[in-house]
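Novice: Residue-level listing of the chains:
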Amino acid sequence: MLREKLNQLFTLYDPAIQTIIAEVLTLEQAYISMKTPHLKEPIDQIVTRIASKELERMDEHKD
Amino acid sequence: MKFERIILENFRQYYVQERLDFAKDNQRRVTVIHGVNGAGKTSLFLAINWCLYGEGVDNVGELISKEAIKQASPGDTVTMSVELSFLHDGERYLAKRTRRGTRMLDGSVQINSSDEFIMMRILWDGQAQSIKNPIGTINAILPSNIRSYYLFDGEKIDDFAKPEAAKEVKEAIYLVFKLETLDRARRHLETAASDYRKELKTSTTGELLNLLDEDEKARGELGKKENRKVEITAEIQAARRKINDIDQRLREIQNAKFLQQQRDRVEQDLKQRRSELEDTQNLIRDISTTSYYTIVQPAIERALSLLEEKRERGEIPSNIRRQFVQDLVAQMQCICGRPFTAGSPEHQRLLRILDNALPGSLEDDVLEITATLRAFNERILRQRSELTILMKRRAELVDLIKDLDAVSDDIGRQLKDSQFEEVSRLELQRENFLTDIDRYNIETGELTRDIEGLKEKIAQLEKRIAQARKNEKREKLLSIKFDLAQKAADAIKDMYQTYADDMRLRIEGKTKEIFKMLIWKDSHFRDVCISRDFELEVIDRYGRPARPELSAGERQVLSLSFITAMSRISEEEAPLVMDTPFGRLSSQPRNNVTRYLPELADQLVLLVTDEELRDQARANLESRIGYEYILEFDPKTSCTTIVEVRR
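Taken in order, these protein sequences are the chains called Z and V.
Residues in the first sequence are numbered consecutively from 1, following the numbering used here.
Residues in the second sequence are numbered consecutively from 1, following the numbering used here.
Just so you know, these hints were derived from the structure itself, not from any lab.
From the three backbone atoms N, C-alpha and C, an ideal C-beta is built for every residue, glycine too.
Any given hint could be a false lead.
Said to hold, decoys possible - Okay, derived cross-link-like pairs now, EDC-like style, lysine to aspartate or glutamate, Cα gap no bigger than 20 angstroms in a straight line:
hint : chain 1 : residue 1 : chain 2 : residue 2
1    : Z       : K40       : V       : D183
2    : V       : K132      : Z       : E23
3    : Z       : K35       : V       : D436
Stated by the list, open to error - Some chain V residues judged to face chain Z by a derived CB distance under 8 angstroms, without partners named:
hint : residue
4    : A185
5    : H188
6    : A192
7    : S194
8    : I492
9    : S570
10   : E571
Generate the whole structure from the sequences, applying the supplied hints.
Specialist: Here it is in structure tokens:
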């Protein structure tokens, strides 16, 4: 499957970056037939969610 | 995606309902639909496109069956729908698009609002689950903008092989291999990172650190002041104990005993008076703060005076109610019980009061206002009187305390000037301790003020620190968001070209492989390549570009090779639906294509004329055909019936 092939491209990157790319690609694909989709908000939601998890993880390591 | 079944209702020449099942077995994966020109092959092709994507198929005339419109009465609703069931990634889906219109008097149809599109996922237990975002789901399965590479019109199939087709080839690779998706994702992530960077620049870095520093200092200072206050309180208590000891000693010394006892009484008295003075001052303060309404007293008095004047002039009633006066007139009797006669001065006076009387409700209002104002006035007067008494008492107490202080000072002076050294020394010590206590009291006052100030400051700092902590967490999060978005965009940028080149080379190789398989002049053509500029080129045996010289049939085979190569390389399971695919092919290339095409698609749907598929071409497909239909067009009704000829 092409989706898996695309995701495999990024296996050497940090897992958080891989997740962001995979989710943003899925989102972009769902709106690919639109010329100018308004995806600012959903992309921010994806990045915020994954960044929050990263922050939690960093705080746990600090503790 | 593999098509399972299509049900058409009043779609173009498919009147009422027609159904068709698609072959989807691995061995028998070909569905052949025969139809003469105009029988409805293109309509069936359109029906699949319209059901899944809706838009873009409207410029082919009226979609609603003309027979259905004709059979409907004016005002009736005519319904057209296409239902398509398909399998994808191990799940079964149902998609249905419906259009409704109202039959008009002139025989036309007025479309009611927009088309209705629903999509359901069929669960393992047979239950249907509605899909909330059907358009997004279809785009994730087979995006609208790449459908033309899977569902294509055979007459346009050679588009990719035309000399000016580099743009189409590039676009096809971009869309099918999600390069467009990657590019959009990179751009959107870069925009997000840029927004986060701007937001970070406006943030208040370091504020929390400064506030924590300030808080630490304030708390340190508070601790010092509180400790000092405790020390001073202890000092005061120690000084008081010393004074008590001195007083005791003075009571024991014969020559000081009398004065000390006198001082004890004075101090006791002073203590009581000071306590009374404090109580009095508190009472004065209470009355002063709660009697703010005394400022309206002149207005109240003026209002009462006006009411009284009007009452005396008979313009408003006296304080006697109208009903009471009416009763007196009716009984012809005075309040005291004395009778009076009609026309007597008393009788005339009562009649005048009644003449000037106001309507009942207004009379009540006037009486009520007068009563309220009087009560208010009385209260003000009472409080003013209380205040006067308290002020007088305070002045008395102040004088009394002054006198007692003077007596106490005098006693102290006498003891200090005593000819007895011990008495004089003790009194001096006592005075020093009192001075110390005064000094400590002043310092306590200053410390109390400072402590309160510091506590207030710390409370404010705590609030600001809590806010700054929130801001700092937000900033931290923002910083991570920026980092992740930028790195994700950079990662896509880094991998994009590698991936694009890899895909281009793989399609190139597969196109060459398929082209060699399908073309009948395989020895004439040496190579097929896709340049970095996405030019699809065929190289002949002389090493020269041969594309401009390709025949229409050869171009069709080249395009077909490119399309099927994309399908194979993308590994996306998708049907290949071809409308009149072999129209331009002579028998040999047609034989080659029919021999290999079933292997190049997961599911093949061929919409063919009776001329397109016969002899060897038909024999090549024979073992792979799962379903076969004939579209029977009835010239009497202009409607088409789908007749199954093979299952």
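Novice: A separate judgement is required for each hint: does it hold in the structure or not?
Specialist: A quick look at each hint next to the structure:
1. K40/Z x D183/V: Within the cut-off at roughly 15 angstroms; holds.
2. K132/V x E23/Z: The given pair, whose Cα atoms are some 18 angstroms apart, holds under the 20 angstroms limit.
3. K35/Z x D436/V: Status violated; Cα separation ~87 angstroms.
4. A185: Holds, because the Cβ-Cβ distance from A185/V to chain Z comes to roughly 5 angstroms (cut-off 8 angstroms).
5. H188: holds (5 angstroms)
6. A192: Result: holds, 5 angstroms to nearest chain Z Cβ.
7. S194: violated (11 angstroms)
8. I492: Check passed: Cβ of I492/V comes within 6 angstroms of chain Z, closer than 8 angstroms.
9. S570: holds (5 angstroms)
10. E571: Hint on E571/V: holds, closest Cβ of chain Z at ~6 angstroms, below 8 angstroms.
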